[in-house]
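Starting from the known structure of chain U, arrange chain G on it as the hints suggest.
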Amino acid sequence: MSRQRSMEKILASEFVSIGELVRLSGCRYSTLKFYTEEGMLPFKQEQENLTRRFPREETLVKIKEIQDLKKQGHSIPEIKERLAKKM
Amino acid sequence: MKELSFAQNFSVIALNAQDSLHLTTAKKVFLRCMAAATILELYLDNGFKTEGDFLILNQEDLNSPEISRYHKAVLKTLFSKKETLSEQLPQYLKKVTKLSKKMLKEVEHAFAVALTEANALEEIPALLGCDLEYVTAGISMKEYRSNSELFSRLTESLRAETLETGPMTDEAILMLWLLRESGCIHDFFSREELKRVAERIFELQGSSSLAKQVFPITIHKTIEMGIKNFLKSKKDVMSTASGSGINFVFPVIERSQSVFIDTEKVFANKEERLRDIKARLESKGHIFTVIREGEVPLIKIDNVLYEAVPSAKLYRIPVHGVRLRKYPLSL
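If you read the protein sequences in the order shown, they are chains U and G. Sequence positions in the first sequence follow my numbering and run 3 to 89. Sequence positions in the second sequence follow my numbering and run 76 to 406.
Chain U on its own, in the form it takes in the complex:
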């Protein structure tokens, strides 16, 4: 049996799942999935069928950055370009 982690434990851990990322950021699952598939959010996956693990702090900063750029009126290709330049 594997239990859901409490918010306290999630906030103390280095890596989180996409479900936990949804709980932390309040973003929709489809939005985060889209960002991941567009290569905007880095993740680790040990094998193809295993859960994707996102570095918690780095990913939350990136999500905030993407949301801010979107609010400023930037398109997704523009945001991707900006994020790529930073890396």
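Hints may be right or wrong, so weigh each one.
[Unchecked claim] Some, not all, of what chain G presents toward chain U, calculated at C-beta under 7 Å:
| hint | residue |
| --- | --- |
| 1 | 78 |
| 2 | 170 |
| 3 | 211 |
| 4 | 231 |
| 5 | 232 |
| 6 | 234 |
| 7 | 235 |
| 8 | 236 |
| 9 | 239 |
| 10 | 241 |
| 11 | 245 |
| 12 | 246 |
FYI, nobody ran anything at the bench for these hints, they're computed from the structure. Where a beta carbon is used, it is the ideal one built from N, C-alpha and C, also for glycine.
Just chain G, lined up with the frame of chain U:
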């Protein structure tokens, strides 16, 4: 906000948009599932003593400090006159199908009080309460509204766990089963996603002992579920562009989607009509914004867009007013 328990999280999803004053058929289905969620929560938290496959619960266990008010409300209905219960999980869960109306109301009250205190749930006036016939009859209509941020986090994280690869947590497995049993799984997954959900449930039954134990159990009553689904599909059809047109001509088909607000004056002009609508909405405590003024104003009421179309009703004398019609783009 304080982190809620598993059963409370399910209740946030279940009670949203339910009539808070009456025990409707749809609410009965959800309340039975909320009772089942309480039993499952206790099972997950090792609240039962075990003897092989049997789960044992004594009356005196209800006095434990870990047992909250909603646990008590559910568990005391299971005991009836027995001192000790010793049954397997499926038998415990099956008991919720036999809960009486009185017991269901107690379960609802216990959950609603706790969730309201935690700012996870509020009681708001239902828009139908603004309708001329409801106002003149003095009928007060209220419904529950869950905290929208919490509701979104709960449903979206469940979607993520279900649709992603990798193992699922016990809470997500049980939440999926509860949504299936309450007949609202279609509200959270698209038709295409439901194929993946079905595959996932099949996989889980092979890989998770909890899923294998729970998914074969059914706790819904076929008649209740049939009525609930029929009423929901009627509402869905009447919310489409063509459906709302038909409902405008024959409002009796779906009353909740066609609210008539009378104006003070006969042949009122557009400003007077809008003023009267605002006054009625304000008097009933709705939150609204006028998006567009004019002959047919567009108003956002409690996060839903409505057009206010001039209309008249014929009683002994004609009554002029507007009919609020759900704006199809808001869907």
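Status of the hints after comparison with the structure:
no. : hint : verdict
1   : 78   : holds, 5 Å
2   : 170  : violated, 23 Å
3   : 211  : violated, 43 Å
4   : 231  : holds, 5 Å
5   : 232  : holds, 4 Å
6   : 234  : holds, 5 Å
7   : 235  : holds, 4 Å
8   : 236  : holds, 4 Å
9   : 239  : holds, 6 Å
10  : 241  : holds, 3 Å
11  : 245  : holds, 5 Å
12  : 246  : holds, 4 Å
Checked against the numbered hints listed earlier, the structure breaks hints 2 and 3; every other hint is satisfied.
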